[in-house]
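Given the coordinates of chain A, work out where chain B should sit on it, guided by the hints.
Number of protein chains: 2
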Amino acid sequence: MSTIFFKNKPIIIGVSSVAGPKECNGCIGKYIETKLDSDMFNENTFEKAETKMLYTALKNSIKNSNKIEKDIDCILAGDLLNQIISSTFASRNFDSSYLGLYNACATFTEALTIGSAFVDGGYLKNVVCGTSSHFSSAERQYRYPLELGSTRPPQAQWTVTGAGACVISNVGKGPKITSATIGRIVDYGVVDANNMGAAMAPAACETLYNHFNDTGFVPEDYDLIITGDLGTLGSRILKDLLYEKGLNIENQHVDCGELIFNIAETEYQGGSGAGCSSLVFCSYIYERLLNKKLKKVLLMSTGALLSSVSTQQGESIPGVAHAVSIES
Amino acid sequence: MSTIFFKNKPIIIGVSSVAGPKECNGCIGKYIETKLDSDMFNENTFEKAETKMLYTALKNSIKNSNKIEKDIDCILAGDLLNQIISSTFASRNFDSSYLGLYNACATFTEALTIGSAFVDGGYLKNVVCGTSSHFSSAERQYRYPLELGSTRPPQAQWTVTGAGACVISNVGKGPKITSATIGRIVDYGVVDANNMGAAMAPAACETLYNHFNDTGFVPEDYDLIITGDLGTLGSRILKDLLYEKGLNIENQHVDCGELIFNIAETEYQGGSGAGCSSLVFCSYIYERLLNKKLKKVLLMSTGALLSSVSTQQGESIPGVAHAVSIES
Numbered sequence: 001m002s003t004i005f006f007k008n009k010p011i012i013i014g015v016s017s018v019a020g021p022k023e024c025n026g027c028i029g030k031y032i033e034t035k036l037d038s039d040m041f042n043e044n045t046f047e048k049a050e051t052k053m054l055y056t057a058l059k060n061s062i063k064n065s066n067k068i069e070k071d072i073d074c075i076l077a078g079d080l081l082n083q084i085i086s087s088t089f090a091s092r093n094f095d096s097s098y099l100g101l102y103n104a105c106a107t108f109t110e111a112l113t114i115g116s117a118f119v120d121g122g123y124l125k126n127v128v129c130g131t132s133s134h135f136s137s138a139e140r141q142y143r144y145p146l147e148l149g150s151t152r153p154p155q156a157q158w159t160v161t162g163a164g165a166c167v168i169s170n171v172g173k174g175p176k177i178t179s180a181t182i183g184r185i186v187d188y189g190v191v192d193a194n195n196m197g198a199a200m201a202p203a204a205c206e207t208l209y210n211h212f213n214d215t216g217f218v219p220e221d222y223d224l225i226i227t228g229d230l231g232t233l234g235s236r237i238l239k240d241l242l243y244e245k246g247l248n249i250e251n252q253h254v255d256c257g258e259l260i261f262n263i264a265e266t267e268y269q270g271g272s273g274a275g276c277s278s279l280v281f282c283s284y285i286y287e288r289l290l291n292k293k294l295k296k297v298l299l300m301s302t303g304a305l306l307s308s309v310s311t312q313q314g315e316s317i318p319g320v321a322h323a324v325s326i327e328s
Numbered sequence: 329m330s331t332i333f334f335k336n337k338p339i340i341i342g343v344s345s346v347a348g349p350k351e352c353n354g355c356i357g358k359y360i361e362t363k364l365d366s367d368m369f370n371e372n373t374f375e376k377a378e379t380k381m382l383y384t385a386l387k388n389s390i391k392n393s394n395k396i397e398k399d400i401d402c403i404l405a406g407d408l409l410n411q412i413i414s415s416t417f418a419s420r421n422f423d424s425s426y427l428g429l430y431n432a433c434a435t436f437t438e439a440l441t442i443g444s445a446f447v448d449g450g451y452l453k454n455v456v457c458g459t460s461s462h463f464s465s466a467e468r469q470y471r472y473p474l475e476l477g478s479t480r481p482p483q484a485q486w487t488v489t490g491a492g493a494c495v496i497s498n499v500g501k502g503p504k505i506t507s508a509t510i511g512r513i514v515d516y517g518v519v520d521a522n523n524m525g526a527a528m529a530p531a532a533c534e535t536l537y538n539h540f541n542d543t544g545f546v547p548e549d550y551d552l553i554i555t556g557d558l559g560t561l562g563s564r565i566l567k568d569l570l571y572e573k574g575l576n577i578e579n580q581h582v583d584c585g586e587l588i589f590n591i592a593e594t595e596y597q598g599g600s601g602a603g604c605s606s607l608v609f610c611s612y613i614y615e616r617l618l619n620k621k622l623k624k625v626l627l628m629s630t631g632a633l634l635s636s637v638s639t640q641q642g643e644s645i646p647g648v649a650h651a652v653s654i655e656s
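Residue numbers (the working numbering), protein chains in the order written: chain A, 1 to 328; chain B, 329 to 656.
Just chain A, with the same shape it has in the complex:
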């Protein structure tokens, strides 16, 4: 059994979101709290800009929760950069304990799962969970330096420049986390580092299937089933794979990667990145949960567990996905 149930139902008492201009001009732009004019955020490197975005999201989510930094027992954070330096350097300025996480773009629901267990079990009172990504820091680390001007293939996604963070607490008002399905690694042998959606869809399928099996829920129990960043192609593969297993999520499914941009020529399959699902959840989705326009959602961030070294050494790209059930 890969699903855990939270008997005390930890509460998401506040959120914050920060994003670059491209994201702020997209479909959910008006829900983003801190809208940046430039994705450099007054820093001199992409990595430092990303760090500042995550720091800003962490800090503002604490403020928006009517907490002070001293109230926060632990920061749970992760990002895509080598040695998750955005998370480290963003968390360095806080006086809270720190647990660094890495499950690629699935890190946000990984953090929600671990944070909820700490709060639900009575071990910690308030934790903050945050993730970030940055198009320019990710491109030069995973693929090519931007200066090369490489052509992007049509199956590619566009890494989201932004960060999202939320505070989980044992008391307060807000949507509640009721269960979490922890995913296992699934690898169908995809080797194209530009085709993340195809690499992650099988893991997403397995986690969803396990979630419904473990909980007895059906897709219709949810107002929305929100995947992290499968993109358009990956979402189609997920729905096909689920259909083969007798599950139809057509009416409930949305993908953060598909939601985030006004899909134009350059983004092809939509957004991706560790900041994709956290940004969408900590802006648009959270607001709709607060307003009771959404009553019950399943948020499932999806991650592709590759590195440039694993790709160079001929490895395929394993995927992982963790799903968290949230009720308003």
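Hint data in this document are derived by calculation from the structure and do not stem from the laboratory. Note that CB positions come from ideal geometry on N, CA and C, so glycine has one too. Take every hint as true, because none was put in to throw you off.
What follows is a list of derived Cβ distance ranges for each label pair:
1) A:Met40 - B:Met329: 37 to 47 Å
2) A:Gln313 - B:Glu397: 24 to 34 Å
3) A:Lys70 - B:Tyr571: 23 to 33 Å
4) A:Phe217 - B:Lys620: 47 to 57 Å
5) B:Glu397 - A:Tyr209: 12 to 22 Å
6) A:Ser316 - B:Gly477: 31 to 41 Å
7) A:Cys27 - B:Arg480: 52 to 62 Å
Relative to chain A, chain B alone:
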């Protein structure tokens, strides 16, 4: 308060350790389960060899716990490589859920802390925690390719080639985890990527100080206070810093980095790496806990949260340390 207490006291029911020839010829060599003749482990790259070591440790720790893979609800793993690929590819072959962690060389006690909370809170029954490192994969990623033959400065440590893993369960026999102190990031501005001990010692000092403050224990309550990989210089700095705060751990303190090698000319300050504390704990320390030669120990892995990019961009090296209290 940064210390959490486990009321049901999760049990470490089995361990496994794998290491290269240098480690097996060291002071704790005879306690290591799988002794390798070559640090390539029949693979064609250092990274794949490290992956195989972690896989072997995870697998054998499950076997040594008299469990089968199906019994394991979740793998909690981390390592030093970019995007923790050793952990991903080692965990890919299991049918368990997977949570990837990164706190550099502090990852082992991070995994024990999160794993204990999951088991103690009744969310999961059995989890396996494992970490690895490899001298040759770490050198070429963090510093220079080995082929360059760079001279090592006297403050340098030698990354341990090996892996350790243990199974934490809600029932069974073995040493029990009673509490964990989650560390915060501490940065004293050290910028020398060869001087890990100095970068990590302030974080180690703060976590230890918080542990004694939160629990009311004194150093004499422990048979051993085991730091992860401060090395000789870092250990001296830790003891000096603690002495200024009125704590003396001289009689209880050992460092896994100091224990692991027969310190010769090349290792200078001793061992380091995410596999250092897991390897020493999952061999020598665990055996002494089982035999009741040790009754109560505090294991505190210590991590230096740098990347080659953060160093190139002029950042200092923050440290973090998490302490776990274990009783036989």
